[in-house]
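Between the sequences and the hints, there should be enough to build the whole structure, so can you do that?
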Amino acid sequence: MISFSPTEEQQMIVKMVQQFANDEMRKHYRECDESGEIPDRIVNTAWQLGLVSTSIPEEYGGGGGEHSAITGSLIAEELAWGDLSIAMHILCPALVVNSILEMGTDEQKKKYLPAFCGDNYKAATAALIEPKFGFDPYSLSTTASLKDGNYVINGQKCYVPLAADANLLLVYAAENGNTQGFIIEKGTKGLEVGGRESNMGIRALATYELALKNCRVPKENRLGGGGGCDFNRILNCSKVALSAMAVGVAKAAFEYSRDYAKERVAFGEPIAARQAIAFMLAEMAIEIDATRLMSWEAAWKLDRKEEATKETSLVKTYADDMVVMVTDRAVQILGGHGYIREHPVELWLRNGRGFATFDGMAIV
Amino acid sequence: MIDFEPTPEQKEAIEAAHKFAEEMFRPVSRYYDEHEHDSPQQLIDTLWERRREGALSVGLDITAALRTEELCWGDAGLYLCIPGPGLGGAAVFASGTKEQMERFLTRFNEGKPKWGAMAMTEAGCGSDTSAITTTAVRGGDEWVLNGEKIFVTWGKRALEDSDGFVVVWATVDKSAGRAGMKSFVVEAGTPGMRVEKLEKKLGIRASDTATIVFDNCRIPYENILGSPEVRKVDKAGTKGFKGAMATFDATRPIVAAQALGVGRAALDFVKETLEKEGIEIRYGLPRQKLTALERDVMDMEANYKAAKLLTLRSLWMMSQFQANNLEASMAKAKAGLAITKITQKAVEIMGPLGYSRKNLLEKWMRDAKINDLFEGTGQINMLIVARRVLDYSRDQLK
Chain A
1 MISFSPTEEQ QMIVKMVQQF ANDEMRKHYR ECDESGEIPD RIVNTAWQLG
51 LVSTSIPEEY GGGGGEHSAI TGSLIAEELA WGDLSIAMHI LCPALVVNSI
101 LEMGTDEQKK KYLPAFCGDN YKAATAALIE PKFGFDPYSL STTASLKDGN
151 YVINGQKCYV PLAADANLLL VYAAENGNTQ GFIIEKGTKG LEVGGRESNM
201 GIRALATYEL ALKNCRVPKE NRLGGGGGCD FNRILNCSKV ALSAMAVGVA
251 KAAFEYSRDY AKERVAFGEP IAARQAIAFM LAEMAIEIDA TRLMSWEAAW
301 KLDRKEEATK ETSLVKTYAD DMVVMVTDRA VQILGGHGYI REHPVELWLR
351 NGRGFATFDG MAIV
Chain B
1001 MIDFEPTPEQ KEAIEAAHKF AEEMFRPVSR YYDEHEHDSP QQLIDTLWER
1051 RREGALSVGL DITAALRTEE LCWGDAGLYL CIPGPGLGGA AVFASGTKEQ
1101 MERFLTRFNE GKPKWGAMAM TEAGCGSDTS AITTTAVRGG DEWVLNGEKI
1151 FVTWGKRALE DSDGFVVVWA TVDKSAGRAG MKSFVVEAGT PGMRVEKLEK
1201 KLGIRASDTA TIVFDNCRIP YENILGSPEV RKVDKAGTKG FKGAMATFDA
1251 TRPIVAAQAL GVGRAALDFV KETLEKEGIE IRYGLPRQKL TALERDVMDM
1301 EANYKAAKLL TLRSLWMMSQ FQANNLEASM AKAKAGLAIT KITQKAVEIM
1351 GPLGYSRKNL LEKWMRDAKI NDLFEGTGQI NMLIVARRVL DYSRDQLK
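Chains as they are written, first to last, in our numbering: chain A, 1 to 364; chain B, 1001 to 1398.
Calculated from the structure, these hints are not laboratory results. Be a bit skeptical, because a hint or two may be false.
[Stated by the list, open to error] Some chain A residues judged to face chain B by a derived CB distance under 10 Å, without partners named:
id: 1; residue: I2
id: 2; residue: R26
id: 3; residue: L162
id: 4; residue: E287
id: 5; residue: M294
id: 6; residue: A299
id: 7; residue: W300
[Unchecked claim] Here are the simulated DMTMM-like pairs of lysine to aspartate or glutamate, each with C-alpha atoms no more than 25 Å apart in a straight line:
id: 8; chain 1: A; residue 1: K15; chain 2: B; residue 2: D1003
id: 9; chain 1: A; residue 1: K310; chain 2: B; residue 2: E1348
id: 10; chain 1: B; residue 1: K1201; chain 2: B; residue 2: D1299
id: 11; chain 1: B; residue 1: K1341; chain 2: A; residue 2: E24
id: 12; chain 1: B; residue 1: K1398; chain 2: A; residue 2: E307
id: 13; chain 1: A; residue 1: K310; chain 2: B; residue 2: D1299
id: 14; chain 1: B; residue 1: K1289; chain 2: A; residue 2: E307
id: 15; chain 1: B; residue 1: K1271; chain 2: B; residue 2: E1348
id: 16; chain 1: A; residue 1: K301; chain 2: B; residue 2: E1023
id: 17; chain 1: B; residue 1: K1398; chain 2: A; residue 2: E175
id: 18; chain 1: A; residue 1: K301; chain 2: B; residue 2: E1348
id: 19; chain 1: B; residue 1: K1289; chain 2: A; residue 2: E269
id: 20; chain 1: B; residue 1: K1011; chain 2: A; residue 2: E306
id: 21; chain 1: B; residue 1: K1358; chain 2: B; residue 2: E1023
Yeah, the Cβ is synthetic: ideal placement off N, Cα and C, and Gly gets one too.
This is how it looks when you write it as structure tokens:
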């Protein structure tokens, strides 16, 4: 039956995450953006909320909860409302955990999942994006070929969050033209973590280039083993997570510019009392809600294990455009003040612009 | 639980409405577009006979919206010919007494086809409904109405072609502003009321749009909907006006659903044509690999989906007895504009196939535009959304 009400449990989780976002993320995001560092305390506090470990089965030490893309979307939106860099950092291990949960063999689950059920944050990451024009996740330049019982991986990756700290890296490579995932442990020969990247936005998130030079990985480390993984579904899950995050960033920018417009007086009245400003805000509100509902619908399809390439790509593209439109308007509504780093809207515009390039950097 | 699966009953309603639209509306769609003031009598009789079937029964809930979308996929103009209580009935239902409901609404269960119309707009006032000049003056046991109403959807059908009625918005006290605004039921055949002219329109030509003149039109005192009392305490917050506006919260999502139907007709036509040409829309590819055509089609589809989900949400909220004024206006503003743009883009993509009257696409583009105009223009709905999100009164945001 058509319904737009999250379950009571989901509402409780949302409330908890909202509080964390408000109390912790919103207090520190600017200094994180300026310094490029996220304090361990914040990351561990978030980790202890159990957002990643909850859906790991009890037999591996997790919470044994149901893994749900809808719940994941709700969490992603709230965290991104707090701060996108910190949100991506906190959820980064899910890139490995959720993929193994969904696609991994029993051996892979047994071997890798318990490490993520402890009290402290464990960095793990995935490497999909490649530093070139025309990047296409379905047609990677990084290759994997089977030789003497090992996969040999060669290629270049970029935008790999937390690569320097991660004990586990899920590297995507083309195997006979099909994208497959390979679990690589830190220190594996031929896996070279490059220097930290510097981007326009998400500056607090440590991302790295990665080089794979004849990197040999045991055959059983192929995600999903002999059967491989359904990469399309992984990418679709990523698109939903990023769409929900775009909604969170846009919502933050909308709220801030709305409140500003009600306080800022020009010509004897708040600028919000003028239709030129008020209509911008109305459109922002409509598009934020529309995108959220679309991301819910796409997540709902994923939870039903249905093919959702159409829904997830429609909402992702829509969200990419929406978040730029909304954050740009937030800057516009603040005028010159929006351009100054004393206000957060310039940060949200910088972060918002990135979504079109973030595929594979977050997952529900 | 967040869920997007229609119930089995809703699926049946969608299927039945789609079948009806395909079989009964599409074949005569072009004819009634080109013969503007012809009445599709046979179709109306069929619609009336089968009005209790799942495909056609009216309502203001999610099921009704899903059904409305399918019917308007068939033809938005013919959809507006479906006999029934309509907006007039909705007003009686929203603010009438039990006695009034019985007196005015029973007719829709018996006899020949009937319509219930709503008359609000005047030559000098559209969106600013509080500026209404039509007057209602009490004379003994009667109200005497004077004034002229325009753009009355199915006004002629309600008042000349059937034993229907029109709900007329008039002021009982001009000095009271909104507080003086009341609604009155005027039945077909009442002396002093006449249908003056039928508009010639850009689209939805099968639907009659009438001007109605009230010239010392006398109606029973009991035909007023809601309280006759004029409260001047709070100029903005009065029952009569609020009654009209509350009706909009229920009807705007249905108008949004009408838009969705037209939009999907255009989208289906584009996609079917591309398929015949062997052109595939490749979802999931990175943007820089997509063709301009693929980008356009995906953009149209995403906007359709956005409008549809906003529409369903606003109706779902109503079903949960939640206030949905903001969400209803969001849905209407988004759907009206999105579908206007989708149909215009579809004509562009289809080129001569879109522009030619051999196909229905050009008609759908003309039909679509009404959804950004009636039941509150796009701008009025944006204004409502803006006031709501800013928590501003009508005086704070004009």
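Hints, verified against the model:
For I2 of chain A, the shortest C-beta to C-beta distance to chain B is roughly 6 Å, which falls under 10 Å, so the interface hint holds. Below 10 Å, beta-carbon pairs count as interface contacts, and R26 of chain A has none with chain B, the closest being about 21 Å; its hint is therefore violated. Interface restraint check for L162 of chain A: the shortest CB-CB distance to chain B comes to about 24 Å, outside 10 Å, so the restraint is violated. With a least beta-carbon distance of about 8 Å to chain B, the hint placing E287 of chain A at the interface is held under the 10 Å criterion.
Hint status for M294 of chain A relative to chain B: holds, with the closest Cβ pair at about 6 Å, below 10 Å. Evaluation of the A299 of chain A hint against chain B yields a held restraint, the C-beta minimum of about 8 Å falling below 10 Å. At its closest, the beta carbon of W300 of chain A sits 5 Å from a beta carbon of chain B; the interface hint therefore holds under the 10 Å criterion. Pair hint K15 of chain A plus D1003 of chain B holds up; C-alpha atoms about 21 Å apart against a cutoff of 25 Å.
Straight-line distance between C-alpha atoms of K310 of chain A and E1348 of chain B comes to about 23 Å, which keeps the hinted pair within the 25 Å bound. Taking the CA atoms of K1201 of chain B and D1299 of chain B, the gap is about 29 Å. The hint is violated against a cut of 25 Å. Only pairs whose Cα atoms come within 25 Å are accepted, and K1341 of chain B paired with E24 of chain A is rejected, the gap being roughly 43 Å. Proximity of K1398 of chain B to E307 of chain A is assessed by CA-CA distance (about 47 Å); at most 25 Å being required, the pair is judged violated.
With a CA separation close to 12 Å, the supplied pair K310 of chain A and D1299 of chain B stays within the 25 Å bound. Of the pairs offered as hints, the one joining K1289 of chain B and E307 of chain A holds, with about 22 Å between alpha carbons and a cut-off of 25 Å not exceeded. Taking the CA atoms of K1271 of chain B and E1348 of chain B, the gap is near 14 Å; set against the 25 Å cutoff, the hint holds. With a C-alpha separation of about 32 Å, the suggested pairing of K301 of chain A with E1023 of chain B is violated against the 25 Å cut-off.
The suggested pairing of K1398 of chain B with E175 of chain A is violated, with an alpha-carbon distance near 61 Å, which exceeds 25 Å. For the hint linking K301 of chain A to E1348 of chain B, the alpha-carbon distance of about 32 Å lies beyond 25 Å, and the restraint is violated. Distance restraint check for K1289 of chain B and E269 of chain A: the Cα-Cα separation of roughly 48 Å exceeds the 25 Å cut-off, and the hinted pair is therefore not satisfied. Our distance criterion of 25 Å between C-alpha atoms is met by K1011 of chain B and E306 of chain A, whose separation comes to about 19 Å.
Our distance criterion of 25 Å between C-alpha atoms is met by K1358 of chain B and E1023 of chain B, whose separation comes to about 19 Å.
Hint compliance for this structure: hints 2, 3, 10, 11, 12, 16, 17, 18, 19 are not met, and every other hint is.
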